Amino acid sequence: MQNFFLKPTLVAAAALVGAAGAFAQEQVVRIGHSGPLSGPNTFAGRDNDNGVRLAIEELNARKISVGGKTLKFELVSEDDQCDAKAGVAVAQKFVDSGVRYVMGPYCSGVTIPASRVYDGGGTMVSTVGTNPKITQAGYKNLFRIVASDVQAGANMATYAANVLKAKKVAVIDDRTAFGQGLADEFSKEAQKLGLTVVGREFTTDKATDFMAILTNIKAKQPEAIFYGGYAPQAAPMARQMKQLGINAKLLGGDTLCSPEMTKLGGDAVDGVVYCAYAGMLTENDAGAKAFQDKFKKRFGQNPDVYGPFYYDQVMNIGEAMQKSGSIDPAKVGAYMHQQAYKGVMGEYAYDDKGNRVKAPVVVMTFEGGKAKPLASY
Numbered sequence: 043m044q045n046f047f048l049k050p051t052l053v054a055a056a057a058l059v060g061a062a063g064a065f066a067q068e069q070v071v072r073i074g075h076s077g078p079l080s081g082p083n084t085f086a087g088r089d090n091d092n093g094v095r096l097a098i099e100e101l102n103a104r105k106i107s108v109g110g111k112t113l114k115f116e117l118v119s120e121d122d123q124c125d126a127k128a129g130v131a132v133a134q135k136f137v138d139s140g141v142r143y144v145m146g147p148y149c150s151g152v153t154i155p156a157s158r159v160y161d162g163g164g165t166m167v168s169t170v171g172t173n174p175k176i177t178q179a180g181y182k183n184l185f186r187i188v189a190s191d192v193q194a195g196a197n198m199a200t201y202a203a204n205v206l207k208a209k210k211v212a213v214i215d216d217r218t219a220f221g222q223g224l225a226d227e228f229s230k231e232a233q234k235l236g237l238t239v240v241g242r243e244f245t246t247d248k249a250t251d252f253m254a255i256l257t258n259i260k261a262k263q264p265e266a267i268f269y270g271g272y273a274p275q276a277a278p279m280a281r282q283m284k285q286l287g288i289n290a291k292l293l294g295g296d297t298l299c300s301p302e303m304t305k306l307g308g309d310a311v312d313g314v315v316y317c318a319y320a321g322m323l324t325e326n327d328a329g330a331k332a333f334q335d336k337f338k339k340r341f342g343q344n345p346d347v348y349g350p351f352y353y354d355q356v357m358n359i360g361e362a363m364q365k366s367g368s369i370d371p372a373k374v375g376a377y378m379h380q381q382a383y384k385g386v387m388g389e390y391a392y393d394d395k396g397n398r399v400k401a402p403v404v405v406m407t408f409e410g411g412k413a414k415p416l417a418s419y
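Using the working numbering, the first residue of the sequence shown is number 43, and each one after it goes up by one.
Just so you know, the hints here were simulated from the structure itself, not pulled from any lab data.
Just so we're clear, the structure is a prediction, and the values are computed from it rather than from any experiment.
Treat the hints with caution; some may be incorrect.
[Said to hold, decoys possible] Below, in silico cross-link-like pairs of lysine-lysine (DSS-like), each with a Cα-Cα straight-line distance of 30 angstroms or less: (1) K260 / K412; (2) K305 / K414; (3) K210 / K127; (4) K234 / K209; (5) K365 / K114; (6) K111 / K373; (7) K365 / K230; (8) K338 / K412; (9) K384 / K336; (10) K230 / K400; (11) K175 / K400; (12) K414 / K338; (13) K338 / K384; (14) K207 / K234; (15) K384 / K114; (16) K373 / K395; (17) K384 / K105; (18) K175 / K105; (19) K207 / K305; (20) K175 / K114; (21) K305 / K248.
Required output: the full structure, derived from the provided sequences and hints.
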């Protein structure tokens, strides 16, 4: 009878030993996400968060092994509110808690000061911040996963001159690092191409009333108005242009390619807004279509502008860990600088400053409330 009662105890003990062994063979890798999870750009922050989350789920399903241990990826999200002070606090929190991989920040004005904290803490940063200053600081393990303002702004100016045949343009920016940087690059290229910049106006990333600015611009009769800023301001701007009878096109960067434009701007956006999307043409791409279907099935909605890029970069990091045989950000980053990665949004290869090489840019407009690609650069 004694043996009968001992058996379950031995089985339980063996199970505990097995569980402890399995636990010992697992290595947790936390991926941080810093983005606007509150405020007017929440839609973008949530989309980016979903891109990271989907990639982490897929990497965990693959059971990647490094150094004899299976990697278990965990997402840690923090709201930086697209605010520099909050973003630096988030960066310090991630560094202090040992998070060595961070996706974001979304806003250039957050990325510029936060990058210094991340670099000091040995944390890899993968950002969609487009201001050129981000990669000019010389941080070794910082990657810009989309085209910069230089590429997007210049391509939009080229499209305005060569396709829209504009002669006069007005420029507005929201005074953020992103908006001002993008507007500056557009203005420089526009002038090189012989366009006349008839006015340069300024607003903020909190404004909703642009009637005074637009009335001033209307008198100068530009064929196009370039706006450096975000969708929550660009959409009402398009509405107010319509109210004032301004026939100019409203041009901008990839933040204006968001579905949020039609939600907030309605029919005032159709055929009026032209944006430079830092991605590639995906209509006939089977991989991109499969990703969109997978994303919608998981989250109940289509990806916005940057979700696919966040997904790609997390998958890139996971593959780099596996192939470099390390989870050390320095070694993983070195591998990513040496080897290109093919993702949903094209090839990811980086120069020595962390800029994405040959980052694709697509000019898009809106038709029937949906984004329509027009040209690829």
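Checked hints:
The suggested pairing of K260 with K412 holds, with an alpha-carbon distance near 27 angstroms, which does not exceed 30 angstroms. For the hint pairing K305 with K414, the CA-to-CA distance comes to about 16 angstroms; that is within 30 angstroms, so the pair holds. A C-alpha spacing of about 38 angstroms is found between K210 and K127, which places the hinted pair above 30 angstroms, so the restraint is violated. Of the pairs offered as hints, the one joining K234 and K209 holds, with about 12 angstroms between alpha carbons and a cut-off of 30 angstroms not exceeded.
About 16 angstroms separates the Cα atoms of K365 and K114, which keeps this hinted pair within 30 angstroms; it holds. With a C-alpha separation of about 17 angstroms, the suggested pair K111 and K373 falls inside the 30 angstroms cut-off, and the hint holds. As the CA atoms of K365 and K230 are separated by approximately 42 angstroms, the hinted pair breaks the 30 angstroms bound. At roughly 16 angstroms between alpha-carbon atoms, K338 and K412 fall within 30 angstroms of each other, so this suggested pair holds.
Simply put, K384 and K336 have alpha-carbon atoms about 18 angstroms apart, close enough for the 30 angstroms limit, and the pair holds. Taking the CA atoms of K230 and K400, the gap is about 20 angstroms. The hint holds against a cut of 30 angstroms. Proposed proximity of K175 and K400 is supported: the alpha carbons are some 18 angstroms apart, at most 30 angstroms. For the hint linking K414 to K338, the alpha-carbon distance of about 19 angstroms falls within 30 angstroms, and the restraint holds.
For the hint linking K338 to K384, the alpha-carbon distance of about 22 angstroms falls within 30 angstroms, and the restraint holds. Of the pairs offered as hints, the one joining K207 and K234 holds, with about 15 angstroms between alpha carbons and a cut-off of 30 angstroms not exceeded. Distance check on the hinted pair: K384 and K114 sit about 23 angstroms apart at the alpha-carbon level, within 30 angstroms; holds. At most 30 angstroms may separate the alpha-carbon atoms for a hinted pair to count; K373 and K395 meet this at roughly 16 angstroms.
Pair hint K384 plus K105 holds up; C-alpha atoms about 20 angstroms apart against a cutoff of 30 angstroms. A distance of roughly 38 angstroms separates the Cα atoms of K175 and K105; the hinted pair therefore is violated under the 30 angstroms criterion. Restraint check for K207 and K305: satisfied, since their Cα atoms lie roughly 29 angstroms apart, inside the 30 angstroms limit. Between the alpha carbons of K175 and K114 the distance comes to roughly 34 angstroms, so the proposed pair goes past 30 angstroms and is violated.
A C-alpha spacing of about 18 angstroms is found between K305 and K248, which places the hinted pair at or below 30 angstroms, so the restraint holds.
In summary, the structure is inconsistent with hints 3, 7, 18, 20 from the numbered list given earlier, while agreeing with the others.
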